[in-house]
Amino acid sequence: MMAAVAARELRDGEVVFVGIGLPNLACNLARATHAPGLVLIYESGAIGAIPERLPLSIGDPSLVTGALMVCGMADVFQCMLQNGRIEVGFLGAAQVDRWGNINTTVVGPYRHPTIRLPGSGGAAEIATHARRTLVIAKLSRRAFPESVDFVTSPGHVYRGVRRARPSLPGAGPVKVITDRAVLEPDPASGELILAALYPGVTVDDVARDIGWSLRSCERLTTVEPPTATDLRLLRERLDPGHQFLKADR
Amino acid sequence: MNGVKADPALLAAGRRRPAASKVISMHDAVAAHVRDGDTVVIEGFTHLICFAAGHEIIRQRRRDLTLCRLTPDLIYDQMIAAGCARKLVFSWAGNPGAGSLHAFRRAVERLPANGAALEIEEYSHFGMVARLSAGAARLPFWPLRDYVGTDLPAVNSRIATVTCPYTGEQLATVPALNPDVTIIHAQRADAQGNTQIWGLLGVQREAAFASHRVIVVVEELVDEQVIRADPNRTIVPGFIVAAVVVEPWGAHPSYAQGYYDRDNECYVGWEAISRDPDRIASYLETHVLGVPDRAAYLALHPGLQDRLRAATRVCAGVNYGY
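Heads up: the protein sequence lines correspond to chains L and E, in order.
All letters in the first sequence, in the order written, are residues 30 to 278 by the numbering used here.
All letters in the second sequence, in the order written, are residues 1259 to 1580 by the numbering used here.
Honestly, the hints are just simulated from the structure, not real lab data.
Note that CB positions come from ideal geometry on N, CA and C, so glycine has one too.
Misleading hints may appear alongside valid ones.
[To be verified] With a straight-line Cα cutoff of 25 Å, these simulated SDA-like cross-link-like pairs (lysine to any residue) come out: (1) L/Lys275 / E/Ala1530; (2) L/Lys275 / E/Gly1355; (3) E/Lys1345 / L/Ile144; (4) L/Lys167 / L/Gly240; (5) L/Lys167 / E/Ser1358; (6) L/Lys167 / E/Ala1356.
[As the list claims (entries may be wrong)] Here are the in silico distance ranges between beta carbons for each label pair: (7) L/Arg114 / E/Thr1419: 22 to 30 Å; (8) E/Leu1562 / L/Asp233: 50 to 58 Å; (9) L/Arg194 / E/Leu1562: 46 to 54 Å; (10) L/Gly42 / E/Phe1497: 40 to 48 Å; (11) L/Cys246 / E/Val1576: 49 to 57 Å; (12) E/Gln1483 / L/Arg114: 36 to 44 Å; (13) L/Arg161 / E/Tyr1424: 27 to 35 Å; (14) L/Leu260 / E/Phe1399: 47 to 55 Å; (15) L/Cys246 / E/Leu1562: 51 to 59 Å; (16) L/Ser218 / E/Asp1488: 30 to 38 Å.
With the hints as extra help, turn the sequences into a complete structure.
What follows is the structure, given as structure tokens:
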């Protein structure tokens, strides 16, 4: 469901910075349905990739074969990302807070963490530069605290200050796609608010798993369920082994 | 040639005495160029990670190394578990597509109870790329538009800022990284170290130019004429290379485009092995310390060729004529 919802956020012809797992599935679903002209860029340097198998990592050799371009990582970050060429960036998150700040670094204090997570990778600069960022994270109270343990990637408000150009050229996380609802930043304050519910989910179901008092936007909508075509493509063609779909239940 | 004859005297003047080959064994390359206390980079972004070199460094029991890589991957997890590392400089420490690096996590999560603490210095990918770019250009730092609104500068004092003298904008800066030794894996090189890579390039070029000493490890040693036939594919010129090691399958379980695929079973398997210090110790004993070289390591993995050898997708080639 999250992959199908995320796929709808992509428009044909857009340049997308893709992560592995659900973001990759979402992009390839979009490419197989409404956005055949999507340009997939992976931080490993594959530009215009058309992977013929499900890539197991962000540096999979199938991203190279048949790509439009392969470049070094200095070019990816300088000439593509910092240059402003990336329209959509996709990020996963261990924690997302009230202000859209993302943590993929540590749970607990940085010097003595309870859980050491992998860290930024390219996430900090994707959230900085992509014109808009889509975040995918499963809803839980642990994952959606009032404030994250560590800000790896910038959201909308940091220590009381709104994000602004030129330091933060992109719009930041414009949608947080969860397994039960979609959150969006309130244009006035930058606070994440409830924008859409999955079918059969109530506001209370969502609010219970959010670490701050969740407000709803004025025109709360219902997320259209994935089409039969979406589901068939995801389950039979794009991820037949359910390698990544198992995280999307 | 349109009837223009080459002048024999000019040709002779351009031809030099053939230089001595730089090809040596992995054992000798590590013995000569990797020293205790060194800052070491073994690069390769998922692609072309030189496990053969990492294993030889473990075998020669190097200590107090500062290990730098964007993605520490299994190889640095193994080197951390083997006690080679004093410090890790990195930007994404996971087991790509498979889970965690548990030797790394144990060394960091248990601080300070664990006496053998691992010091860490953490950036993002762009930050690490920028550090190597500065190193390769022999500049003291590199500016980038990054880190505003993040906690990274608060935990890493080496991430600083500079005011642009032209626009007044505040930009983030990261310091140059100039390793004592960089080891890169590649598809092929000649005996002088003129090195060609295709597929994902990672930061192999920047890491090599940033380094004081460079070891190139290749799947295939080729004649200089093979390099000269396709010069756009050369990413490292021989004159910055100290040693060339010929080590087929030396990047296993990572991959070499056009030679062999990633051995994903090994990556998935590391999740369980690395969770248990005893299992890591036994892995290192059988696969690293207990074998003399890469050939013996490969003998522990029968059927690799059938399982992982790359399919053929040869490109058309281009006309370099004029």
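Hint by hint, here is what the structure shows:
1. L/Lys275 / E/Ala1530: 20 Å, holds
2. L/Lys275 / E/Gly1355: Holds, at roughly 14 Å.
3. E/Lys1345 / L/Ile144: 19 Å, holds
4. L/Lys167 / L/Gly240: Cα-Cα ~14 Å, so holds.
5. L/Lys167 / E/Ser1358: Holds - the C-alpha atoms of serine 1358 of chain E and lysine 167 of chain L are around 19 Å apart, at most 25 Å.
6. L/Lys167 / E/Ala1356: The given pair, whose Cα atoms are some 19 Å apart, holds under the 25 Å limit.
7. L/Arg114 / E/Thr1419: 22 to 30 Å: With Cβ atoms ~25 Å apart, the hint holds.
8. E/Leu1562 / L/Asp233: 50 to 58 Å: Between leucine 1562 of chain E and aspartate 233 of chain L, where Cβ atoms are some 55 Å apart, the hint holds.
9. L/Arg194 / E/Leu1562: 46 to 54 Å: 52 Å, holds
10. L/Gly42 / E/Phe1497: 40 to 48 Å: Cβ of glycine 42 of chain L to Cβ of phenylalanine 1497 of chain E: about 44 Å, so the range 40 to 48 Å holds.
11. L/Cys246 / E/Val1576: 49 to 57 Å: 55 Å, holds
12. E/Gln1483 / L/Arg114: 36 to 44 Å: 39 Å, holds
13. L/Arg161 / E/Tyr1424: 27 to 35 Å: 29 Å, holds
14. L/Leu260 / E/Phe1399: 47 to 55 Å: Hint holds: Cβ distance 51 Å, inside 47 to 55 Å.
15. L/Cys246 / E/Leu1562: 51 to 59 Å: 55 Å, holds
16. L/Ser218 / E/Asp1488: 30 to 38 Å: About 57 Å separates the Cβ atoms of serine 218 of chain L and aspartate 1488 of chain E, which means 30 to 38 Å is violated.
The structure does not agree with numbered hint 16 stated previously, though it agrees with all others.
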